[in-house]
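If you read the protein sequences in the order shown, they are chains A and B.
Residue 1 is where the first sequence starts when you use this note's numbering, and the numbers rise one by one after that.
Residue 254 is where the second sequence starts when you use this note's numbering, and the numbers rise one by one after that.
Because the hints were derived from the structure by calculation, they are not lab data.
Just so we're clear, the structure is a prediction, and the values are computed from it rather than from any experiment.
Note that CB positions come from ideal geometry on N, CA and C, so glycine has one too.
One should not assume that every hint holds.
For each label pair, taking beta carbons as the anchor points, the in silico distance ranges come out as [stated by the list, open to error]:
| id | chain 1 | residue 1 | chain 2 | residue 2 | range |
| --- | --- | --- | --- | --- | --- |
| 1 | A | 81 | B | 273 | 17 to 27 Å |
| 2 | B | 306 | A | 35 | 49 to 59 Å |
| 3 | A | 161 | B | 318 | 36 to 46 Å |
| 4 | A | 144 | B | 398 | 48 to 58 Å |
| 5 | A | 4 | B | 484 | 28 to 38 Å |
| 6 | B | 355 | A | 34 | 46 to 56 Å |
| 7 | B | 484 | A | 171 | 42 to 52 Å |
| 8 | A | 38 | B | 331 | 10 to 20 Å |
| 9 | A | 155 | B | 352 | 22 to 32 Å |
| 10 | B | 398 | A | 140 | 42 to 52 Å |
| 11 | B | 274 | A | 79 | 43 to 53 Å |
Over 12 Å on every C-beta distance to chain A, these chain B residues come out as not near it, computed from the model [stated by the list, open to error]:
| id | residue |
| --- | --- |
| 12 | 292 |
| 13 | 314 |
| 14 | 315 |
| 15 | 318 |
| 16 | 370 |
| 17 | 386 |
| 18 | 408 |
| 19 | 444 |
| 20 | 487 |
| 21 | 491 |
| 22 | 493 |
| 23 | 494 |
Covered stretches of chain A, as calculated for chain B (at least 3 residues, CB under 8 Å) [as the list claims (entries may be wrong)]:
| id | region |
| --- | --- |
| 24 | 47-60 |
| 25 | 96-103 |
| 26 | 113-121 |
| 27 | 126-132 |
| 28 | 167-180 |
| 29 | 211-224 |
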Amino acid sequence: MGLGLVTLYLSFLILIPLGAVVWKSQSDGWSAGWHQVTSPEAAAALKLTLAISAGVALFNLVMGTIIAWVLVRDEFAGKGIVELFIDLPFALPTIVAGVVLLSLYGPRSPAHVDIAFTRTAITVALLFVTLPFVVRTVQPVLLELDRDMEAAAASLGASPFLIARRIILPNLVPAMLTGTGLAFARAIGEFGSVSLLSGNLPFHTEVSAVNIYNQIQSDNPVGAAAQSTVLLVIAFVVLFALDRLKRWGVHRG
Amino acid sequence: MASASGLSDGTVAVRGNRRPVARYGLRFVALGYLLVLLAAPVAMVFYRAFQHGLGPIWSALTTSEARSAIEVTLIVAISAVVLNTLFGVGTALLLVRRRFPGRHFLDVLVDLPQAVSPIVVGLALILVYGKFGFFGSWIERNGLKIIFSLPGMVLATAFVSLPLVVRSVAPVLAELGDEQEQAARTLGASSWQTFRRITLPSIRDALAYGVVLSLARSLGEYGAVTVVSGHVIGKTLTLTLFIDERLQNFDQPAAYSAAVLLAIIAMGSLLISRRFRTRSRSVA
Numbered sequence: 001m002g003l004g005l006v007t008l009y010l011s012f013l014i015l016i017p018l019g020a021v022v023w024k025s026q027s028d029g030w031s032a033g034w035h036q037v038t039s040p041e042a043a044a045a046l047k048l049t050l051a052i053s054a055g056v057a058l059f060n061l062v063m064g065t066i067i068a069w070v071l072v073r074d075e076f077a078g079k080g081i082v083e084l085f086i087d088l089p090f091a092l093p094t095i096v097a098g099v100v101l102l103s104l105y106g107p108r109s110p111a112h113v114d115i116a117f118t119r120t121a122i123t124v125a126l127l128f129v130t131l132p133f134v135v136r137t138v139q140p141v142l143l144e145l146d147r148d149m150e151a152a153a154a155s156l157g158a159s160p161f162l163i164a165r166r167i168i169l170p171n172l173v174p175a176m177l178t179g180t181g182l183a184f185a186r187a188i189g190e191f192g193s194v195s196l197l198s199g200n201l202p203f204h205t206e207v208s209a210v211n212i213y214n215q216i217q218s219d220n221p222v223g224a225a226a227q228s229t230v231l232l233v234i235a236f237v238v239l240f241a242l243d244r245l246k247r248w249g250v251h252r253g
Numbered sequence: 254m255a256s257a258s259g260l261s262d263g264t265v266a267v268r269g270n271r272r273p274v275a276r277y278g279l280r281f282v283a284l285g286y287l288l289v290l291l292a293a294p295v296a297m298v299f300y301r302a303f304q305h306g307l308g309p310i311w312s313a314l315t316t317s318e319a320r321s322a323i324e325v326t327l328i329v330a331i332s333a334v335v336l337n338t339l340f341g342v343g344t345a346l347l348l349v350r351r352r353f354p355g356r357h358f359l360d361v362l363v364d365l366p367q368a369v370s371p372i373v374v375g376l377a378l379i380l381v382y383g384k385f386g387f388f389g390s391w392i393e394r395n396g397l398k399i400i401f402s403l404p405g406m407v408l409a410t411a412f413v414s415l416p417l418v419v420r421s422v423a424p425v426l427a428e429l430g431d432e433q434e435q436a437a438r439t440l441g442a443s444s445w446q447t448f449r450r451i452t453l454p455s456i457r458d459a460l461a462y463g464v465v466l467s468l469a470r471s472l473g474e475y476g477a478v479t480v481v482s483g484h485v486i487g488k489t490l491t492l493t494l495f496i497d498e499r500l501q502n503f504d505q506p507a508a509y510s511a512a513v514l515l516a517i518i519a520m521g522s523l524l525i526s527r528r529f530r531t532r533s534r535s536v537a
């Protein structure tokens, strides 16, 4: 009976609605759906979203690993506070993240850095909301890492750079890739923070999620559903790849 | 383990002394980045909100529009959290304790909401429960209203926060094993008694952790809710939508006040959830 109730709940909440999106995208035929996705405005939004999200994910790969390293291996005053507030972007509502960034980097910026309504603003907003992913996947692995290996390598005369490259990094790679993938999947769907900061100019600063929102508002459900289906497929491919990666890591380790 | 940590402490000291440049360099990069991206903007919004004292914030958050937004936010978030707690615990129990065809599928299904854009969530619900959706005519015939009304907002919020309770409770359940539950069963306890007296006490902290996370997520949901709310001031405007609406009317002080209120809630939930997580881990 429990199984039936849970199945019913998840079907009506998640499965049927998501199925409806895919179904709607081809309700005028697959070619009509494809036509919607490849219309100039939608295609521009999708390209922009994918390009910035990929850049943001890669930047997270580097910065997230550095931050995780500093949190695990370095000691300094106030580390506990940094450790606690690193998760703030996950806890903060996305629209609040937008307001927060706008207050310092918007038109009334006290630092005279006004990035509002530019592609830079989209990048900064996405960096903000995806900040914890790589940090939180790499940190536990780094904590568990056996330091005897590093000590052995050092005693054999390996330079710190060599140790980092040949011993530490290979152990971190699966976690780093997982964090990067999750950040990418999150970035392509982000709405709240971006819509507030980017100005949403078609062909220039309009991302896919905003484009979908505008199509819903202008009563073009087929176009909105078609573009949504593309986002869904990309996110599923990323999640599937991460699942594979996890099994590979478990298998290898 | 003791010898390992002893050894590594030595190496860190040696490396630290030999390469202070690399160490301070990395620290500078990491903290500098966090300062520019995270700390400074958050501090700025607090400064903007509090620069004229508490008075303006209080009056901005006690207008009838703001009060109704707070009320709507609480109704929607609490309903979504209740749904997710009941079905989250149920789902976690099924995933961990039972073997049935389609179990792996259910496992994947639970994680789906994390990969779906909030806007797509809103669209998906409209396509099913909206006026022209699958169940639209049935809903209308029965005099109900889901989309552009509170039930739709609850569904949207429950959708996005679905995985949180399941994913906090499931690992603890798996770690506990079911010997005690089976013992209770053989002694004649009903399944409800077993759940209430054996299972629930042992997952209490993990459940509390999941509930706090899901409440925080629910109070702050924006994208999915904005699609299905219809933005009726005083009726279907949550706090996040109120922020957006105030910004569009160039009422910065009210927007900043509501943003700071939500930021404080987020920070509080971070602190509380951290405590429950440590406790639930130490139990397991």
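Taking the hints in turn, this is what the structure says about them:
1. Here the CB-CB span from residue 81/A to residue 273/B is close to 23 Å, well matched to the stated 17 to 27 Å.
2. Separated by about 57 Å at the C-beta atoms, residue 306/B and residue 35/A satisfy the suggested range of 49 to 59 Å.
3. Roughly 59 Å separates the CB atoms of residue 161/A and residue 318/B, a value that falls outside the hinted 36 to 46 Å.
4. In this structure, residue 144/A and residue 398/B meet the distance hint of 48 to 58 Å, their C-beta atoms being roughly 52 Å apart.
5. Distance hint for residue 4/A and residue 484/B: a CB-CB separation of about 37 Å, consistent with the stated range 28 to 38 Å.
6. The hinted range of 46 to 56 Å is not satisfied by residue 355/B and residue 34/A, whose Cβ atoms lie roughly 32 Å apart.
7. Checking the proposed 42 to 52 Å range against residue 484/B and residue 171/A shows it holds: the Cβ atoms sit about 50 Å from each other.
8. Checking the proposed 10 to 20 Å range against residue 38/A and residue 331/B shows it is violated: the Cβ atoms sit about 43 Å from each other.
9. Restraint check, residue 155/A to residue 352/B: a C-beta distance of roughly 50 Å breaks the suggested window 22 to 32 Å.
10. For the pair residue 398/B and residue 140/A, the beta carbons lie near 46 Å from each other, so the given range of 42 to 52 Å is met.
11. Against the hinted window of 43 to 53 Å, the Cβ-Cβ separation of residue 274/B and residue 79/A comes to about 20 Å, which falls outside the hint.
12. The non-interface label for residue 292/B is inconsistent with chain A: the shortest C-beta to C-beta separation is roughly 8 Å, within 12 Å.
13. Every beta carbon of chain A lies more than 12 Å from that of residue 314/B, the smallest distance being close to 14 Å; the non-interface claim holds.
14. Residue 315/B, annotated as away from the interface, keeps every beta carbon of chain A farther than 12 Å; the closest lies near 20 Å.
15. Look at residue 318/B: its CB is around 17 Å from the nearest CB on chain A, clear of 12 Å, so calling it non-interface holds up.
16. A beta-carbon of chain A is positioned within 12 Å of the beta-carbon of residue 370/B; the least distance is around 3 Å.
17. The Cβ of residue 386/B sits about 7 Å from the closest Cβ of chain A, inside the 12 Å cut-off, so the non-interface label is violated.
18. Look at residue 408/B: its CB is around 6 Å from the nearest CB on chain A, not clear of 12 Å, so calling it non-interface is violated.
19. Annotated as non-interface, residue 444/B brings its C-beta within 12 Å of a C-beta of chain A; the closest such distance is 9 Å.
20. Distance check on residue 487/B: its Cβ is at least 19 Å (rounded) from any Cβ of chain A, clearing the 12 Å threshold; non-interface status holds.
21. With a least CB separation of 10 Å from chain A, residue 491/B falls inside the 12 Å interface cut-off, contrary to its annotation.
22. The beta carbon of residue 493/B sits about 5 Å from the closest Cβ of chain A, which is not more than 12 Å, so the claim that it is off the interface is violated.
23. The Cβ of residue 494/B sits about 8 Å from the closest Cβ of chain A, inside the 12 Å cut-off, so the non-interface label is violated.
24. Chain B is given as covering the region 47-60 of chain A, and this is violated because 0 residues of the stretch bring a CB closer than 8 Å to a CB of that chain, at least three being needed.
25. Only when three residues or more bring their CB closer than 8 Å to a CB of chain B does the claim for the region 96-103 of chain A stand; here the count is 5, and the claim holds.
26. Requiring three or more residues with a Cβ within less than 8 Å of a Cβ of chain B, the coverage given for the region 113-121 of chain A is violated, as only 0 such residues are present.
27. Remark: the region 126-132 of chain A is confirmed as covered by chain B, as 3 of its residues place a Cβ nearer than 8 Å to a Cβ of that chain, reaching the required three.
28. Only when three residues or more bring their CB closer than 8 Å to a CB of chain B does the claim for the region 167-180 of chain A stand; here the count is 0, and the claim is violated.
29. Note: the region 211-224 of chain A has 5 residues with beta-carbon separation from chain B under 8 Å; the three-residue rule is met and the coverage holds.
The structure does not agree with the numbered hints 3, 6, 8, 9, 11, 12, 16, 17, 18, 19, 21, 22, 23, 24, 26, 28 stated previously, though it agrees with the rest.
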